[in-house]
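Trainee: Below are the chains, spelled out letter by letter.
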Amino acid sequence: MQLTRRQTLGLAGSAAALAMTGFQVTPVFASAEDATKHIMEFTGGKEPTAGKVSLNAPEIAENGNTVPISVSVESAMSGDDLVESVMLVADGNPNPAVATFHFTELSGKAEATTRMRLAKTQNVIAVAKMKDGSVYSDTKLVKVTIGGCGG
Amino acid sequence: MAKPRVKVPNSAKAGEVITIKTLISHTMESGQRKDKDGNVIPRKIINKFTCEFNGTKVFECDVDPAISANPFFEFTAKVNESGTFKFTWVDDDGTVYTDEKPIEVN
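The listed protein sequences derive, respectively, from chains A and B.
Mapping of the first sequence onto our numbering: residues 1 to 151, in sequence order.
Mapping of the second sequence onto our numbering: residues 1001 to 1106, in sequence order.
Hints were generated in silico from the structure; no laboratory data involved.
As the structure is a computational prediction, the values presented were derived from the model and not from experiment.
For each residue, glycine too, the CB sits at the ideal point set by N, CA and C.
One thing to keep in mind: the hints can contain errors.
[Unchecked claim] Cut-off 27 Å, straight-line C-alpha distance, at most; resulting in silico cross-link-like pairs (DSS-like, lysine-lysine):
no., chain 1, residue 1, chain 2, residue 2
1, B, Lys1078, A, Lys109
2, B, Lys1101, B, Lys1013
3, A, Lys37, B, Lys1078
4, A, Lys131, B, Lys1057
[Claimed, not checked] Far from chain B by the CB rule (all over 10 Å, computed), these chain A residues:
no., residue
5, Thr4
6, Thr43
7, Gly45
8, Glu74
9, Gly79
10, Glu105
11, Ser107
12, Gly108
13, Met116
14, Gly133
15, Thr139
16, Leu141
17, Lys143
18, Ile146
Based on the provided sequences and hints, a complete structural model is requested.
Mentor: Shown next as structure tokens:
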């Protein structure tokens, strides 16, 4: 069959598009599934409920190398109403793990602040595990202007 | 090298919840970066931070490479008696950095 100039161009175009999608699929960054898997490992397969946790992050982070993140959980921090640990997860970084805070009765409050790296615009998730076994979470989308994972 | 800096109030009332700020100078090499020849720069981070008060654990943090260089942690502690806070940072290479801060409770 004879290909016209138009058809050849079209074919080349779709081939290029295919190559592009193939490139995007390359798993350089953790996907949302990786993040979910990581959360499930932490909670022991429990689906976290929204609420109790409040995650504080900037809406837009100019520099992904140092993004201030603070998390606080409503709790009396005594007896059974105790937050055992809070895990921070980023669903678009090369590795979803960010940090895990472990609190005790001596913490007084379940509050912590740190600074984290964000490779690109993504969701940051805080998951809190209470002493009674319940799991809560909060999610914030942080827009990143300059990524922070180096080259 | 890694120099810890900690801010703890000098005194507090019994039962008060105080805020503690800590910072340690550390490159937190993530293991994701490459040098100019294309070789991966090996990971070297602070992987654990703990705070104890008179020998009892107050706060602990498992750290992953997504924490920024010069890791900063701010958290709270409930103080019921005078004593000393002990802070520990553990490096990937096994080095342990420590700092201590006393507090007077009245």
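Trainee: The structure should be examined with respect to each hint, and the outcome stated for every one.
Mentor: Here's how the hints hold up against the structure:
Among the hinted pairs, Lys1078 of chain B with Lys109 of chain A is consistent with the structure: their alpha-carbon atoms are about 8 Å apart, no more than 27 Å. As the CA atoms of Lys1101 of chain B and Lys1013 of chain B are separated by approximately 17 Å, the hinted pair is consistent with the 27 Å bound. Distance check on the hinted pair: Lys37 of chain A and Lys1078 of chain B sit about 34 Å apart at the alpha-carbon level, beyond 27 Å; violated. Among the hinted pairs, Lys131 of chain A with Lys1057 of chain B is consistent with the structure: their alpha-carbon atoms are about 16 Å apart, no more than 27 Å.
With a minimum CB-CB distance of about 44 Å to chain B, Thr4 of chain A clears the 10 Å threshold, and the non-interface call stands. Against chain B, the non-interface label of Thr43 of chain A holds: every CB pair exceeds 10 Å, the least being about 15 Å. Remark: the non-interface label on Gly45 of chain A is consistent with the geometry, its nearest Cβ contact in chain B lying 20 Å away (cut-off 10 Å). Interface exclusion of Glu74 of chain A from chain B stands, the closest Cβ pair being 14 Å apart, more than 10 Å.
A cut-off of 10 Å between C-beta atoms confirms that Gly79 of chain A is not in contact with chain B; the least separation is 14 Å. Taking the minimum C-beta to C-beta distance to chain B, about 8 Å, the non-interface status of Glu105 of chain A is violated against the 10 Å cut. For Ser107 of chain A, the condition that its CB be more than 10 Å from all CB atoms of chain B is violated, with the nearest at approximately 6 Å. With 10 Å as the threshold on Cβ separation, the claim that Gly108 of chain A sits away from chain B is violated: the shortest Cβ distance comes to roughly 3 Å.
Listed as outside the interface, Met116 of chain A is inconsistent with that label: its C-beta sits roughly 5 Å from the nearest C-beta of chain B, within the 10 Å cut-off. With a cut of 10 Å on Cβ distances, Gly133 of chain A stays outside the contact zone with chain B, its closest approach being about 20 Å. Every Cβ of chain B is farther than 10 Å from the Cβ of Thr139 of chain A; the closest lies at roughly 16 Å, confirming the non-interface assignment. Residue-level check passed: Leu141 of chain A sits 16 Å from the nearest beta carbon of chain B, beyond 10 Å.
Against the 10 Å criterion, Lys143 of chain A stays outside the reach of chain B, whose nearest CB is about 17 Å from its own CB. The Cβ of Ile146 of chain A lies farther than 10 Å from every Cβ of chain B, with a closest approach of about 13 Å, so its non-interface assignment holds.
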